[in-house]
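J.: The chain contents come next:
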Amino acid sequence: MLPDPEQELLQKIQVDPKQFGVLFDYYYKGIFGYVFRRVTDYDLARDIASETFLKAFLKIKSFQWKGISISSWLYRIATNEVNQFFRKNRYKPEKLGSIISGEKFLIHDSSREELEEELRRHQEFLQVQQHVKTLDTRYQEVIALRFFEGKDNRQIAEILNKPEGTIKSLLSRGIEKLRILCNQ
Amino acid sequence: MEDFEKKLDRMTIPSGSVKPPLEIKLAIVNAQRSAVLGIWFVAVPCYFLFCVFMKYYFHINLGLFDTMVEMMSDLDKNPIMKWLSPILLVGLPLLGITINGLALCHFSYKPEEKIFLISIRLRWLNIAVLLLSLALICIFMGYVVVESIHHNTGLL
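Note that the protein sequences, when read in sequence, are chains A and B. For the first sequence, the numbering used here gives the first residue as 50, with consecutive numbering after it. For the second sequence, the numbering used here gives the first residue as 190, with consecutive numbering after it.
These are calculated hints, taken from the structure and not from any lab test. Be careful, since some hints might not be right.
Calculated cross-link-like contacts (lysine-lysine; reagent style DSS-like; alpha-carbon spacing at most 25 Å) [claimed, not checked]:
{"#": "1", "chain 1": "A", "residue 1": "K211", "chain 2": "A", "residue 2": "K226"}
{"#": "2", "chain 1": "B", "residue 1": "K196", "chain 2": "A", "residue 2": "K182"}
{"#": "3", "chain 1": "A", "residue 1": "K67", "chain 2": "B", "residue 2": "K196"}
{"#": "4", "chain 1": "A", "residue 1": "K104", "chain 2": "B", "residue 2": "K303"}
{"#": "5", "chain 1": "A", "residue 1": "K108", "chain 2": "B", "residue 2": "K299"}
Cβ pair distances, simulated, as ranges [stated by the list, open to error]:
{"#": "6", "chain 1": "B", "residue 1": "M243", "chain 2": "A", "residue 2": "P66", "range": "54 to 60 Å"}
{"#": "7", "chain 1": "A", "residue 1": "Q233", "chain 2": "B", "residue 2": "L251", "range": "36 to 42 Å"}
{"#": "8", "chain 1": "B", "residue 1": "I202", "chain 2": "A", "residue 2": "Q233", "range": "20 to 26 Å"}
{"#": "9", "chain 1": "B", "residue 1": "K303", "chain 2": "A", "residue 2": "P54", "range": "52 to 58 Å"}
{"#": "10", "chain 1": "A", "residue 1": "E173", "chain 2": "B", "residue 2": "I304", "range": "28 to 34 Å"}
{"#": "11", "chain 1": "B", "residue 1": "E191", "chain 2": "A", "residue 2": "Q176", "range": "30 to 36 Å"}
{"#": "12", "chain 1": "A", "residue 1": "P66", "chain 2": "B", "residue 2": "I338", "range": "32 to 38 Å"}
Glycine included, each C-beta is placed from N, C-alpha and C at the ideal position.
My request is simple: use the sequences and hints to build the entire structure.
T.: Spelled out as structure tokens, the structure:
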């Protein structure tokens, strides 16, 4: 649990930026996990998570408390970063292939090895995620937030800053497209 | 479709659990932009060298080198524009080395352990641009040194 209620912590950070470390320590695991499950690449997830917290740090002074939780705000930034990556790079299955085939990496990093081993043990997830990555980003994000992060429609709407009705509709269409891809 | 949705709900998800890093290593400049800028910076020196090789080593006179030399001689007559050639041939590659070096390196100092750490990301395009810029500078500076010795001693 955060040591201070969110609004108080936010006010402290806006006065003393060093307090941002509290936020970082508390939310990093969740944000990294979300990004990692979306991109299935350890180094890329580290870069995107870093970029997310850097942007949050730079924008925190202008952040206005409008009832949106800090968690949702961080998820929103992370989602935008991941979407940007997919739009620029277009999904390349080779990365996923290299993880599945158990290619060794040159730099020893126990976290990386553990996470990639964990990924290899979730074949069903990997196969579904491979198809998710081929969908339009607006379907990717709702599906990932719903099924990988366990968020409900209200939380997804808050994160993506869209009406709940839109989220329901996107989910429905996204799941249908995913179902067709998985059954091919 | 409901069955598929239930299947997705039941699917086990990797935890992706890591400890927050003690520090975030951020490059000082964006790697891709540095590489692209670096390529632009070495374009003119590479073109110059290409013209030199074509004329003096392959003996193919396309007129490119002569045109370039004429332009540079005209520039040399202007007290301000005479600096353009050194800037293009040496200054820009130097800038290319700097920005690509910053894109690759991360520096950290641990005062309690008195350790200064430099970590280098292996981004091959940036490394290639950096090495090419370095090679160009070495070639031009080497030429300047040799010409200077030749001028002073008249031995060569």
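J.: Next, verify each hint and record whether it holds.
T.: Hint by hint, here is what the structure shows:
Restraint check for K211/A and K226/A: satisfied, since their Cα atoms lie roughly 21 Å apart, inside the 25 Å limit. Between K196/B and K182/A the CA atoms are separated by roughly 18 Å; this keeps the pair inside 25 Å, and the hint holds. About 44 Å separates the Cα atoms of K67/A and K196/B, which puts this hinted pair outside 25 Å; it is violated. Among the hinted pairs, K104/A with K303/B is inconsistent with the structure: their alpha-carbon atoms are about 31 Å apart, more than 25 Å.
Taking the CA atoms of K108/A and K299/B, the gap is near 28 Å; set against the 25 Å cutoff, the hint is violated. A beta carbon spacing of about 57 Å between M243/B and P66/A agrees with the range 54 to 60 Å that was offered as a hint. Between Q233/A and L251/B the C-beta distance comes to about 56 Å, which lies outside the given range of 36 to 42 Å. As the Cβ distance of I202/B to Q233/A is approximately 23 Å, the hint placing it in 20 to 26 Å holds.
Hint check: K303/B to P54/A, Cβ distance near 41 Å, so the stated range 52 to 58 Å is violated. The hinted window of 28 to 34 Å between E173/A and I304/B is violated, with their beta carbons roughly 45 Å apart. The given range of 30 to 36 Å is broken by E191/B and Q176/A, whose C-beta atoms sit roughly 20 Å from each other. P66/A and I338/B have their C-beta atoms about 56 Å apart, which leaves the hinted 32 to 38 Å range violated.
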